[in-house]
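For this one, chain A is given, so just place chain B on it according to the hints.
If you read the protein sequences in the order shown, they are chains A and B. Under my numbering, residue 502 is the last one in the first sequence; the count climbs by one each step, no gaps. Under my numbering, residue 671 is the last one in the second sequence; the count climbs by one each step, no gaps.
It should be emphasised that the hints constitute simulated quantities derived from the structure, not laboratory data. Please read all numbers here as calculations on a predicted model, not as lab measurements.
Simulated DEER-style distance windows between Cβ atoms: (1) B:Pro593 <-> A:Ala472: 43 to 49 Å; (2) A:Arg491 <-> B:Leu565: 31 to 37 Å; (3) B:Lys655 <-> A:Asp13: 22 to 28 Å; (4) A:Glu199 <-> B:Val542: 16 to 22 Å; (5) A:Ile383 <-> B:Val542: 41 to 47 Å; (6) B:Ala527 <-> A:Arg491: 27 to 33 Å; (7) A:Glu287 <-> B:Ala537: 53 to 59 Å; (8) B:Leu665 <-> A:Thr198: 24 to 30 Å; (9) A:Thr346 <-> B:Pro551: 36 to 42 Å; (10) A:Gly18 <-> B:Leu648: 15 to 21 Å; (11) B:Ala608 <-> A:Asp13: 44 to 50 Å; (12) A:Leu452 <-> B:Val542: 25 to 31 Å; (13) B:Thr545 <-> A:Ala472: 36 to 42 Å; (14) A:Ala9 <-> B:Val542: 48 to 54 Å.
Some chain A residues close to chain B (C-beta under 8 Å, calculated; not the full set): (15) Thr185; (16) Val398; (17) Gly405; (18) Leu414.
Where is the CB? At the ideal position from N, CA and C, for every residue including glycine.
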Amino acid sequence: MDAFASGMAILLDPYMLGVVLAGTVLGVIVGALPGLSGSTTAALLLPLTIGMGPIPSVAFLGAIYCAANFGGSITAILINTPGDPSASATAYDGYPMAARGEAGRALGMSAVASAIGGIYSIIIMIIAAPLLARAAYNFGPPEYFALALFGLSMLAAVGSDAGIRNLIAGVFGVLLATVGLDLTTGTERFTFGIPELTEGLNLVPVLTGLFAISEMLVQASELQIVRERLALTAVRLPSLADFRKCFKAINISCQIGVFIGILPALGATAAALISYNETKRWSKYKEEFGKGAIEGVAGPEAANNAAVGGNMVPTLALGIPGSATTAIILAGLIVQGVRPGPHLFTEQPTLLYAVFSSMLAANLIFLVLGLFAAKVFARITLIPDTFLWPAVFLFAIVGAYGPNGSMVDVWVMLFFGVVGFFFRRFGFSPAPLVMGLVLGTMTEETLKQSLLIFDGNWLMFFSRPIVVALFAITLLSVLTPLVIRALRTVRRRRETVNPIEE
Amino acid sequence: MTPGDAHSPSAPDAPARWRIHSDVAIAAGIVAFCAAVYAVTMTFPEMPPMLAMGMGPAVFPRLLLGVMVVLALGLVWSTRGRADEVRAPIPGIVFLTAAGFFVYMATAWLIGLLPAGFLAIVGFGRLWGERRWPLLAASAAFLCALIYLVFVKGFGIPLPRGLIGDRFF
Chain A
1 MDAFASGMAI LLDPYMLGVV LAGTVLGVIV GALPGLSGST TAALLLPLTI GMGPIPSVAF
61 LGAIYCAANF GGSITAILIN TPGDPSASAT AYDGYPMAAR GEAGRALGMS AVASAIGGIY
121 SIIIMIIAAP LLARAAYNFG PPEYFALALF GLSMLAAVGS DAGIRNLIAG VFGVLLATVG
181 LDLTTGTERF TFGIPELTEG LNLVPVLTGL FAISEMLVQA SELQIVRERL ALTAVRLPSL
241 ADFRKCFKAI NISCQIGVFI GILPALGATA AALISYNETK RWSKYKEEFG KGAIEGVAGP
301 EAANNAAVGG NMVPTLALGI PGSATTAIIL AGLIVQGVRP GPHLFTEQPT LLYAVFSSML
361 AANLIFLVLG LFAAKVFARI TLIPDTFLWP AVFLFAIVGA YGPNGSMVDV WVMLFFGVVG
421 FFFRRFGFSP APLVMGLVLG TMTEETLKQS LLIFDGNWLM FFSRPIVVAL FAITLLSVLT
481 PLVIRALRTV RRRRETVNPI EE
Chain B
503 MTPGDAHSPS APDAPARWRI HSDVAIAAGI VAFCAAVYAV TMTFPEMPPM LAMGMGPAVF
563 PRLLLGVMVV LALGLVWSTR GRADEVRAPI PGIVFLTAAG FFVYMATAWL IGLLPAGFLA
623 IVGFGRLWGE RRWPLLAASA AFLCALIYLV FVKGFGIPLP RGLIGDRFF
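Here chain A stands alone, though its shape is the one from the complex (with noise of 0.2 Å):
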């Protein structure tokens, strides 16, 4: 209770204050700007957290991811364009909505359901971290090993092709993990004689060039698109109707979002498309849906911030990132040297409650900014890419090189913004990448110390029994797409086969 406590008076201190809301102000912007994610933006920003300390980083970073989700739908709704990839389902009724001249309005409930959803998610999360960590309290290697994998795993479950992909993007990152010296043998691995690389590939350069520089190269390529910006009037609070209206949208959105939250790599933008879908078939105005609809807003919007305190389960609790920007907060806690994990709730519960006040406090903060100054932060959209990219470029090149002072540094990140860029044309997410990357070591080290626990005989992982529910749920995970897919093919060739039957 005195660490909930001292966590919670974190917000009494100006300074925290402070970087709360600069981390608020700074995700509305970058995630009303097209293309600049909160995972991009939070890449970016990761070494200007490194001198701040584990708690105000944690809570710059949490701040960011919050209000990332929300900004995304100032640009989905007035100009069709999701500023961050979990508000795309917003742009379907809120651009609607915004073209009859009801921008404000669409804004006003945004914002609300995005609180709401936030905010749900925090207590969710206040209540559920602590319980997965203290169930997870005596997991050993085997134990995490297997929940590295389960992790790893749950790449696969956004569907067969996307997933076959997300499971390769994902062993490649554990891959990457392996670069630097090998710490049972001390042999240097794919260092290729560069002495910068024996300590292993940096977290800050390969995750600023998969997100900022690869999303430079995209926006290149897209400099042709003109988008078309409709007139914000002034963003008013939704009605009693409104709300009674969307009650149903946000409730079903906020329990959708949370689920899909805690579960390892499915991340807000899943939440919400799928809290779109659910909130469509349980209203009573679906004809509404996709010319305007505000329920069409809310429901979105609830799920893709609650799935923010969601994602932030595992990632304190078990230290398996949620989604990209989890895997890159987790980095930046590792950065800081605080490994995320059950010991982590025992050993420092002030930096944990401090983690929750903070992104309670980014809620409220980006509400009452969404409801009184998203006609500011309309304006942001007016920046041009040719100012705004090769800014992004010079900061992504000083943050590169800052953490270590070197220009190895900065080669490997324009060498995976060109990797990201081709990783993103071919289909594949960088994201997937990043969790391998950060889950890499883990997995590693657990294997190894696994075995010598086993004598070397794998067969051991198959005697203890949480170990062997893992891999069930695990082996689930991987092969139901792919089963779903087989009997999907199955039927429609039958249903070619026999057209008159059918």
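Frame of chain A, contents of chain B only:
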């Protein structure tokens, strides 16, 4: 099927049947990459069993390469009955932007990271179609000053001054 049928092998689009699905090409690229990385693992020194403690330095990376090959085969399998995605060609400006990264690195080596940054902002802005020179130069100067104040003065991170900076200043 008649010879004139659009889907017959003699029709003009017949070679499309033999075109490689892009995912198959991607899978082939992944397998080739894995083979190359496997070759690199062959250069790792052999460790005595006592030191390797059950897993030598090459075992885990090879395990991952095996998984990647299996997944690549899975990707090939997933193309069955799935139409290939049509991708627009990469615009030339993307290659020019990527080339700009290397030009930047060469310039930074010569004149230093921050002056090269000024040129990069102006250069990329011009490359992307911005024609307002004074505005570009002003924004570049502002950003460089901001970075100098935050990183060099604020965090005490000395930025590389380049060959010219080191020799003459």
